[in-house]
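So the protein sequences, as listed, match chains A and B.
For the first sequence, position 76 (counting from the first letter as 1) is numbered 76 according to the working numbering, and the numbering increases by one without interruption.
To get the working numbering, take the position in the second sequence, counting from 1, and add 1000.
For the record, the hints were derived by calculation from the structure and aren't laboratory data.
Keep in mind that the hints are not guaranteed to be accurate.
Claimed, not checked - Simulated pairs of lysine-lysine, PhoX-like, Cα-Cα distance not exceeding 20 Å:
1) B/LYS1194 with A/LYS9
2) A/LYS103 with B/LYS1009
3) B/LYS1102 with A/LYS198
4) A/LYS40 with A/LYS64
5) A/LYS103 with A/LYS40
6) A/LYS103 with B/LYS1006
7) B/LYS1102 with A/LYS5
8) B/LYS1194 with B/LYS1102
9) A/LYS103 with A/LYS9
10) B/LYS1221 with B/LYS1263
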Amino acid sequence: MRVSKALEKWFPLFALPTTAAFILAFGIPFILGFYMSFNKFPRVFRLDSRTFQNMHWVGLDNYKAALQDGSFLHAFVFTALFTVVSVILVNVIAFTLAMLLTKAIAGRNIYRAVFFIPNLIGGIVLGFVWQNILNAILQWTVGRDITYSATYGFIGLVIVINWQMIGYMMIIYIAGIQNIPGEVVEAAAIDGAGWWVKLTKVTLPMVASSITICVFLTLANCFKLFDQNLSLTGGAPGDNTEMLALNIFRDFENAPTQSVGQAKAVIFFILVALISFIQLRATRSQEVDG
Amino acid sequence: MDKVSKHFKIIAGIGLTLVSIFWIFPLLFILMNSFKNEAGINTSPFSLPNADTFKGIQNYSTSIQGAGFFQAIGLSFFITIVSVVVIVLFCSMCAWYIVRVKTWYTSVLYYMFIFSMIVPFQMVQKTMPATATWAGIANSVGIILLYLGFGAGLSVFMFTGFIRAIPIELEEAAMIDGASAWRVFFQVIFPVLKPTAITIAVLNAMWVWNDFLLPYIINVKTIPVVIQGAMVGAYGQVNRGGFMAMLVLAIIPIIAFYLWGQKHIIKGVTAGAVKG
């Protein structure tokens, strides 16, 4: 209590800088963004009196337009498919690598580093690295570019996200596997359990919390993917490989569609918040079980 | 560690080596082609440069100057380093205040920070630049304040988690001895926070260095923004050798960073998994 009292008057020094930056960068823009989704944006959006004179309230019109926009629905389906495929692949491969690299294999620290490094490279650079390789491979084999078809783009995006995220998830799985008490595995072995039984009855249940973390981490990252999408395919051909974030970004780039883009952004936010909410529930129920 | 059979070791070793080569290949491909001329990249992208295709370091010297890449490297270093220092310093101070001052507005603040973590950036993509322009911080120095604002969610959250575990008696004793809040923080609290501070510094450094959308929308030309611009602005006329040289130069600092602080980085990204 003494600390609380003595510290309280120091708000301007300790808490104000972060709070002020937070309000400027996030607080005001968030509230304004929510409000603007019910308005028609003026062509140029600034925080001045002219802007606020030139915008007008349109109710739910932006939301109606968003839900009737074929490109938005297409982006949603594309994003959902991409997310499902990537979450499964990333986690299965990362878990397999983690199982191998927790065994006494020569040079396993080097392998870990090799698999992990792509995770540190940013999405824009990553997308362009792979665009160059995939185009070279496609030119060499079928004489085409990655922008030739949406299937190429889809597979390309899955490869990029796998290359980026597997190492990261592998690190989390390794930490989980190393936390399994040795006696548990030994007891199973003494009871004559084969590798499949050991895996499904001992290892997987023991790393359940790591699985939850990794599945939701990949889920959120895939669903919100933007940089890699922009650099690898840019949505091409047409807008056939456009994911949700890129679809919204494109709306913001053009004055006539920015109001609809803002409504899409709110819908996008609600979907992402829903994922976070389900994650919270899943984590909580696990804590109760454990 | 499990005992494994010799056969298993050999097969796993071969398998892992093959997968590793596949993993490293993209980086080698870019490195290799960054030393070639256009004809070499087009006709033999998968072979090492030879007498006909080798271009020396020309892609690194002349080709990337026009794109403003050298300025971008300096700017990215400046923004990343200063932002990380500012985030670690102010977020730890703010977290201490939130944990130790128990009133309604500190809990409101805490939940607002947590809330910001689940909001996708697109939500503020149009309104944030307007706000930043109005406040005069839509530039290469002001962007640091924006990073403090956006980084506050995760950083304050992680710092508060750690500070809650510190026994308050330490601070009480120091205050009874007459130390000011300022001195208590820097001489008692901050030294204890050091491991968490390193973790948070690593996470934010990776984020700020690689971030594209925030600098892009306020027109600050960091490395990702310049790379994207070089590709899009060229409309098929892009000098691919020079472009790949840019990619190599963008990746080298990241690898150096990893080699320098491998342990902290692994620890940092594992701890940062809470963000989701």
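Hints, verified against the model:
1. B/LYS1194 with A/LYS9: violated (26 Å)
2. A/LYS103 with B/LYS1009: OK: A/LYS103 and B/LYS1009 at ~9 Å, within 20 Å.
3. B/LYS1102 with A/LYS198: violated (49 Å)
4. A/LYS40 with A/LYS64: Satisfied, since the Cα-Cα distance of roughly 13 Å is no more than 20 Å.
5. A/LYS103 with A/LYS40: Violated, at about 60 Å.
6. A/LYS103 with B/LYS1006: holds (12 Å)
7. B/LYS1102 with A/LYS5: This hinted pair holds, its Cα atoms lying about 9 Å apart.
8. B/LYS1194 with B/LYS1102: Distance of about 24 Å is beyond 20 Å: violated.
9. A/LYS103 with A/LYS9: Status violated; Cα separation ~55 Å.
10. B/LYS1221 with B/LYS1263: The hint is violated at about 31 Å.
The structure does not agree with the numbered hints 1, 3, 5, 8, 9 and 10 stated previously, though it agrees with the rest.
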